[in-house]
Structure formats: structure tokens, C-alpha cells
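**Q** Listed here are the chains, written in short residue letters.
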Amino acid sequence: MIDNEFLKEAVTARFDKGILGIEESYGTLDFIVDKSLVIELITWLKNHETIKVNFLTSLCGVHFPDQLGRELSVVYHLHSLVNNLRFRIHVFLPKENPEIPTLCHLYAAANWMERETFEFYGIIFWGHPDLRIILNVEDMDYHPLLKQYPLVDATRTDKDDKYFGR
Amino acid sequence: MPPEQTKMINISDDNFEKKHIINGVVQSGDELKQYNYLNLGPTHPATHGIFQNILKMDGEIIVDAQPTIGYIHRAFEKLAENRPFFQITTITDRLNYCSAPINNIGWHLTMEKLLGIETPKRVDYLRVIVMELARIADHIICNSVVAVDTGALTGFLYVFQWREKIYDVYEEICGARLTTNMGRIGGFERDFSKSAFDKIDVIVKELPKALQEFEKLVIRNRIFMDRTINVGGISGERALEYGFTGPNLRAAGVDYDVRVMNPYCSYQDFDFTIPVGSNGDTYDRFCVRQEEMWQSLSIIKQAVKNLPEGKHHADVPEFYLPPKDDVYNSMEGLIWHFKIVMGEINVPKGQVYHSVEGGNGELGFYLVSDGGRQPYRLHMRRPCFIYYQAYPEMIKGAMLSDAILTMSSMNVIAGELDA
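Top to bottom, those sequences are chains S and F.
133 is the number that my numbering gives to position 133 of the first sequence; each next residue is one higher, with no gaps.
537 is the number that my numbering gives to position 371 of the second sequence; each next residue is one higher, with no gaps.
Keep in mind that a hint or two might mislead.
Claimed, not checked - Computed cross-link-like contacts, DSS-like style, restricted to lysine-lysine with a CA-CA straight-line distance of at most 30 Å: (1) K46/S <-> K279/F; (2) K515/F <-> K147/S; (3) K515/F <-> K35/S; (4) K331/F <-> K147/S; (5) K331/F <-> K505/F.
The set of hints was computed from the structure by calculation and includes no laboratory data.
Taking the hints into account, I'd like the entire structure generated from these sequences.
**A** And the structure:
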């Protein structure tokens, strides 16, 4: 059995460049890595003899419009079932040309998750076998989960936020 | 997708021999084969939901399948970014609507993890009772429908009334039956009534008889076994690659269960076993679900027997609605009530992932909070969205009737698939 400390040391010992930050929240490690490193890191973690990250729990995007140059992020939730250790890998991408290599060759599960992330945020996954919109109509030409698209009708006047201290 | 144009070969054609030889290379004949394309769905009665599969058929054998999903996509993740936290519970109902309380409680647990709320033991036990009842209801639907798809309608009609009785218990607890919106952040709206416990008692006492009869009807039935054994199988390694969780993964021989791996809601207090299969085929999935129902019954028994005394909610005035008496008679109560209902309460910054063992796999919530009054981002890990990708691979080389059976035994729920 290994814990967060072991994982942190193993990763920092193997990769000195490209790891931009390591945080811990609610007992889960967050690795913030450069996009050039992400596939190498996950491949190494998957094939590591003790860490053995054999399960991709989920993959999703997040949009931070205020962070200039790193507006979009891709979050990988990985799980080592052998050690029962969960952790996350975050990759930040610029708003222009958000591109990142695919994970499909490592985990077959990544296929639809990447399609969904592409659909919601417009992040291009290089090398993906079939990067098409999955949930919405095929000819949708925008990415609905980006923060610039409000959900509430902008013409609505009956709910004024200033009365509620927002 | 337009069907690929294939040239008709006229057997009596004198040039038939020549057409097999292209650029001097003898073709294997596969290129000359004519395939049929069959639209299975979107609204085919045997798919139990809105699923479309374009099947490439060689006679009766499936060569390839292309699933189309999203017919009931309702943008839950976008909706969730625009709602106060307590209103997201209603969204989770509509994910796997066959076991809505598990989704509700999974969401409450995520919020409690973010806020650092410790719930009393009684809340945990009550939640365990409801979640296991929901698991039984979910598996009853799935397994009886598998039996229907093999032609055994009797079992379905027989065990389905027990699902209704479980829904009666939900009704006692929260007033709703299908989309339950059960509980609150911190616990339950009210303690379980005596009549709820009576109804649970009836289920615990009499469901085993119904289950036994159902098993007697199908589990060693020659027709059922011939239809399900070695149909739609997947190996343990492939299942892990495809992100399988829940009974589907355990049927393939991997003993991963969130209740044991990362116990929540005091699951560590209970004594139960995790059934695993070996082939990962339809029969194993059926048997694993069947055994899980027995285990769930045993958990419910233990929880009812050892139910601790105490409060049915944690003390979190910021998130748990005060009793109406306080709201009408005290300033404090009225203020909290107003603030909660209007969603005017800030939460800590941070990101949290919490998962529960849902009816068909690991249901996870990844919540990014910026300290505001709505989630900054809420990603839901919907188990069947992830494992349904393996469907084309699982039905390759099978017959059409096997494809129907494989789908129903995978427990793919349209609401969860499309979010």
C-alpha cells in the first residue's frame, strides 16, 4: 500500500521539469502539469510496478475565463485500484488552440469522455479516433459549458441580483 | 451515417472470377461481401429507453455497431452551475431514476465532504437502509427485464410488485416515489415514521420468498441459461480499460466496490460480501445482481436491528432547514429559512470528489467551488455513460437477439447516459 506522500515523492523524483505544482485538498493529491508531460506521466504511472494506475475514473474540462493564458483546464481523475489511491491531474490550456494529446490508447474509457469534453469546452484531443459531438445535435457550432454562455434569459428582469447582495 | 455502397455481384456473370482479382491480387472475398445496415432504435421497444444503434449486419451476425446517444440530454452540468446547492438534488434524481435515493444521498455526501459536516450515526444508518432499498429496486428492474428479453414475462410481473412496495417506503420517507428528492444536506427532513419501518419489515420478511421463486424460475432454466451464458462477455482487463464499475465489473471478476474501497455512510459497520463473477457475460451479470439483492437485504436487516438513537440530521443551520415552528416564531429561524431557500449561503473554496456505489456503478461528483453560492463546476461521473462505450465491442459477432439481451443486462439507463 502506498499513500499520497509516496506518490508525491515518486513523481517529483522521476519528473523534475513539467510538474508545475502539487496541492492537496480533502485528502486527494492534485498534480498540475504541463501539457507536454501529461501522456508521459500517465503512461509512467500506469506501468509503474507499485503505483499501477489502472483505472481512469473520469475526465472533464473546467473553464476559468479570468486566468489569462490558462483559461481552460482538463482534469483527469485517476485511481490505482491495487493501492486504493485516487488523485487528480490538472492541465491548463490557453483559450486559443486548446489542444492536448488523447488518452484513448492508454484507457479505452477516455474515448467518450474526451468527446464530451470536446463538445462542452472545444478542447481538441490529438490523435482521438473519432472526435465528434456526442450529446448535442451534430451541427452545434459552439461549446455550451464555456462561461460566456449564460443559462438564464438575459432579458429577465423579475430577479434583480442587487437585492440579494450578489 | 449513410450505408456504404456495396456492389452487387451477379454470380452468373462471366466476369465474376475476374472481379475477385484486383490489380493482380486475389481478394479474400470480404471486400465483395454485402452488408445490411439495421437501425436498432432510437425508439425500439426492446431497448428500454431511447438508444440508437446502427448495426452493420452480415446476415444475422453483427459485424459492427455505432451507438448514438444524447436523445434526452438535458445539460445537467450547465444547469448545476446556475443553481443553489440544495436545488441540485432534484437534478441528481433524474440521472439513474431507477435508484434515485442513491443519487440524492451521493450528492448530499459530496456537499457534506466539502463543508466538513459530520453526520450522526443514525443518519448514516437511515441512509444505508434507503440506499440498499434503492439498490434492490434497481436490480429488480434490471434483472426482471433481462428475463423478459429472454421471453420470461412471468418473473417480471411477479417481482415488480416488490419494487412498488419499495416505492411505498420512499413515499413514507419523503412523499415522492420515482424522483425522490430525498433528504437534505445534513440528514433527512424528518425521522422515519413507524409505518415506514413497518413497511421495511414487510419487505425484509417477504421479499426473500419472491426472490427465491424468481430465481427458481430463471436461474437454472435451460432456455435462460442457453440465452445468456457466453453472451455479451467481456474480460476483466478490458472491463477495467473501459472504466466499468458496479455489477458489470464485478461480473467480470474484479472485486471493486466503492462501499468497501472507500466506505461512506458507516458502511464499514456492516457485514456483507461482494459477489463476483468470472466470465463477465450476461448470465454472470444477472447472478451478481441477484446475489447483491440478498446482500442488500442482509445490510438492511443489520441496519434496522442496530439502528442507533439520536437525531435524524446534523446541526448545520446554514444548510438544514429549521423546523416550521422556529421559522414562524423566531427571528433566527426565519432568517436561516430565507437564506437557505434563496440560496444565499457561501461555501468554502475548494474542489472535492466523492463517489458512491450506485445501482449500476460508481457514481461520482466532482465539485469545484469558488466560494460562491452555486457550484463553479460540477462534473458527474455517470457510470453507464462510461461503460456503454464498450457495447459495440461486446456484441461483435453476436446475433441481434443477443445484442438486445446484452444491452438490458448492462443496466444502461437513458437518463444517466445522456445527463
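**Q** Give me the numbers of the hints this structure contradicts, sorted from smallest to largest.
**A** 4, 5
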